[in-house]
Amino acid sequence: MNGLVIEPGSTLAYHTGDWRTQRPVYRDKWPPCGQTCPASEDIQAWLAYASDQKWEDAWRKLTERNPLPAVMGRICYHPCELGCNRKQMDSAVNIHGVERYLGDMALQKGWRHKPITDTQKTQQVAIIGAGPAGLSCAYQLARRGYPVTIFDNQDVAGGTLYSGIPEYRLPKSILAQEINAILELGIQLRLNSNVGTEISMDALRNDYDAIFVAIGAQQARVMTGLDNSSHSVMAGVDFLRAINTGKSIQLPNKVAIIGGGNTAIDAARCARRLGAEVTVICPQEPHGTQPGHPGAEIPASLEEVLQAEAEGVRLVYRAGIKRLVRSGEHLSGLEIARVDRLHNLQGDFKPVLFEGTEEFLPAGFAIFAIGQEVNWKGLEAVIEKPANNITVGGDAAGKPRFAATAVGSGFQGAMITIASLTGTPPVYEQHEKAEITVKQLHLPYYPAVIRNESAILERWKDNVELVTGFNEEVTLNEAQRCLSCGVCFQCDNCWHFCPDAAVIKNDTGYEIDYDYCKGCGICAQECPSGHINMEIVTT
Amino acid sequence: MDKRDPYRHNVLTSGHRACSGCGEAMAARMVTDLIGANAIYVNATGCLQVFTTHNQQSSWQAPWIHSVFANAAAVASGVEAALRARGDDTPVIVQAGDGGTFDIGLQCLSGMIERGHDILFVCYDNEAYMNTGVQRSSSTPHAVRTTTSPPGRLSEGKHHLKKDVLSIIAAHHMPYAATATVAFFHDLKAKVEKAMTIKGPRFLQILSPCPLGWDHDASLSVSVSRLAVETGLFPLVELENGEVTSVMRLKQQRPVQDYLKLQGRFKHLFNSTSTAETATGNANGAAEIRHLQALADARIRRYELLQAETEWDTVRASQVQRHGRGGYRNTGQEAAS
Ligand SMILES: Cc1cc2nc3c(=O)[nH]c(=O)nc-3n(C[C@H](O)[C@H](O)[C@H](O)COP(=O)(O)OP(=O)(O)OC[C@H]3O[C@@H](n4cnc5c(N)ncnc54)[C@H](O)[C@@H]3O)c2cc1C
Ligand SMILES: Cc1ncc(C[n+]2csc(CCOP(=O)(O)OP(=O)(O)O)c2C)c(N)n1
Ligand code: SF4
Ligand code: SF4
Ligand code: SF4
Ligand code: SF4
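Chains C and L are the protein sequences, given in the same order. When you line the first sequence up against numbering that gives the first Met the number 0, it's residues 0 to 538, in that order. When you line the second sequence up against numbering that gives the first Met the number 0, it's residues 0 to 336, in that order.
A portion of the hints provided could be inaccurate.
When the alpha-carbon atoms are kept at most 25 Å apart in a straight line, the in silico DSS-like pairs for lysine-lysine are as follows [what the hints assert, rightly or not]:
hint: 1; chain 1: C; residue 1: Lys246; chain 2: C; residue 2: Lys438
hint: 2; chain 1: L; residue 1: Lys250; chain 2: C; residue 2: Lys86
hint: 3; chain 1: C; residue 1: Lys246; chain 2: C; residue 2: Lys171
hint: 4; chain 1: L; residue 1: Lys161; chain 2: L; residue 2: Lys266
hint: 5; chain 1: L; residue 1: Lys2; chain 2: L; residue 2: Lys161
hint: 6; chain 1: C; residue 1: Lys460; chain 2: C; residue 2: Lys253
hint: 7; chain 1: L; residue 1: Lys266; chain 2: C; residue 2: Lys253
hint: 8; chain 1: L; residue 1: Lys161; chain 2: C; residue 2: Lys438
hint: 9; chain 1: C; residue 1: Lys438; chain 2: C; residue 2: Lys86
If you are wondering where the hints come from, they were derived from the structure by calculation, not from laboratory data. For clarity, every value in this text was computed on a predicted model and none was experimentally measured.
Produce the entire structure from the sequences given, and follow the hints as far as they go.
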């Protein structure tokens, strides 16, 4: 080297990190979609995989919490979308549309669930009920190496998903395929086995180390104060079960449905498909008329109500039934009246009717869909003598009674069961993350993209599936609408903007080089997704 | 040699002594990484030179020379002439502050352009002489507080207007002159890359917020830069051979207050105590804010920032994408020895 050349040192020798009083930290947050999904799916994470067209990874991430995505994408009322932050920008991500696409793709490609562990446990678990709660619990236990047997008193698995939800909303073949994929984990299924009568609870206790009770709420509530004749009268769940199990039913011209829940609407639409003129007598007000008082509005979902109306179902709001009008055995109609209050003086749900507002509604058949109860017959001991190796879940455990709630409850049931078997506290994962709201996001950084909606077939009379699924292009477009709330989506902003080259990009993401970060806070300020926290340096 | 980042050369690397949140450091890092290490950088005196070279330490991982305050363009002219005489087409880049461009460096810059040297001149415009303690320059906007234009009973900050240096440069009828700012990285990137494909003299004026001199929170350098554009106070434009060939349209014009109120250098306008007539005939802070609004409106009209027929607007230019929208291409290049 020429002696005149002075080799300069690099400023890298000088650690400007000393100047810092606060430091940026990359921290994943827990977005509202996941918080509001009753199955606690990590929606952000699986949408991220879907955005990269990593469809199988997306499905595997989703099924960590919910083994029924093809089902749920069709029939879940998607509270996740009510929570979605994108709502504040234009409209929520169509989460259920992507979920359905992933579920269908898995069935089409024959993807198989994988166990989490290779070690086979010896402790046996019995599950009563093959509805979504029982299936979800069985799935989580089987993936963790536990031998599981499900007992169900019907001849087909699926619980209310099978017996309650009609074909045009959830094709039976889709349900069956997703259930088979779960059972393939090595789960024993014993159909036509009623626990409490055919098999005693004591026998189960003897043979199994833990029991998960997921018997649903399948017994129709009966309306009091009407005549006792069962002629031309049926409960909504029984009517739907008959339809769903292929019984042939003859209906007269005019049918009345009493109730305002989803069972009432499902029954109404099924009766419509059988050719009847259908009127729903609903005690509550229409959607959107009582803002801030959700209990005062019809509990059935808005989408379902709109579709029912489009199919010609007539709804009479704020009305209740006073008596059944019969000529002999034969039903000729109902006497209905205007509702004063929804609750009686004891505070029970029992619509109180105004005097002098009666009208006659002609109907040859009446379907009561006023709620369901749990049938504890033969299983009374579960409630009377609680034991920590017996857990109750799904509809049988209480409200809200939704399919995704049952799936979530199945997961928790599995965790509690494992805890009781191993004597350790239950693990629920991922909830130690901070929640993130729209205020922490930087919305102008995101492109505006209009939400994609599924098409609805007009051929509703054919009893074929009504709502169509997305194709790949639309699914991708929808997944990419996700704002990735609280989680890095590798936009490069922090990397571009750091004045000190203290953000290092590598193959998996980004790292802060604390030797040089001066703590200016620009990276946190400009992170679109609110992934970066500025934390005070205390030492 | 710093090879910490596989996706970027870090031509201007860490350990430099710029203030926390420095917009000039940010801008220079963007520009030099977009150009790469295979170039010769000539730096005028000023913050960038001082904070990157200290105690025999340098932050530069590319050939770099410090001239004096006034003559960076002249030094670069000599470097370029020598290289080209040897048949070497290594790019030559000048970096200077607004003092080294608008004021003391203007004569050398004008000569460089007039002689047609194949050089990119980058002005990091932080709107004052920051290195020596925030003195006003001819780039300092009207009504700004600096140490040599203090507001008080007789003054609302700097009396005179910000010099329209871009028009002066463009009047040389030269191939490419453009404005950019740090908040709009993809716009800045497109302009640097375009400049590097053009032969002859080229000029880039990059608005570079200075948390010290502008007196805003260090975390707000990008936000302030974005607002300068969105209010119309700093139009993003390109001129080729003296003609405006493209502008970034304002999707929505923001009131100048949104920009002013984040910065201490305009604070006096919001709690004005002055009773004096200023050079422009205004008597108080509120009137000066109206004046600044009128200046923004005039720039918007002049460059048709609200009507321009272009897809390239402030909303589109801000948008990010999963896995970035493209960063720096120069990884793996070594500094020319
Ligand atoms: C008509 C209707 C439509 C619905 N639509 C929707 C919808 O669109 N979206 C939604 O999210 N939710 C919907 N729901 C609610 C949803 O179906 C339930 O919340 C969910 O199925 C509850 O799951 P589960 O596993 O707790 O019980 P279930 O699905 O009811 O399953 C319980 C199972 O246990 C069996 N069983 C009961 N007792 C015994 C016993 N003693 N021994 C052995 N087996 C027994 C039952 O036969 C049944 O198979 C609907 C409900 C109804 C009635
Ligand atoms: C001829 C001469 N006069 C004065 C100075 C002192 N001086 C050094 S840097 C500087 C100001 C630089 O301002 P600017 O060019 O705007 O760059 P900034 O520091 O703001 O980036 C001055 C006045 C000098 N170095 N040489
Ligand atoms: S299960 Fe329901 S709430 Fe959960 S992601 Fe799917 S649609 Fe949304
Ligand atoms: S934008 Fe994405 S991450 Fe955020 S709430 Fe909606 S689905 Fe979840
Ligand atoms: S932008 Fe850079 S220097 Fe500033 S806080 Fe973030 S990592 Fe640190
Ligand atoms: S700024 Fe972008 S790249 Fe950086 S952490 Fe946030 S989302 Fe990730």
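Hint check, failures only
Hints 1, 5, 7, 8 are the ones this structure does not satisfy, whereas the remaining hints hold.
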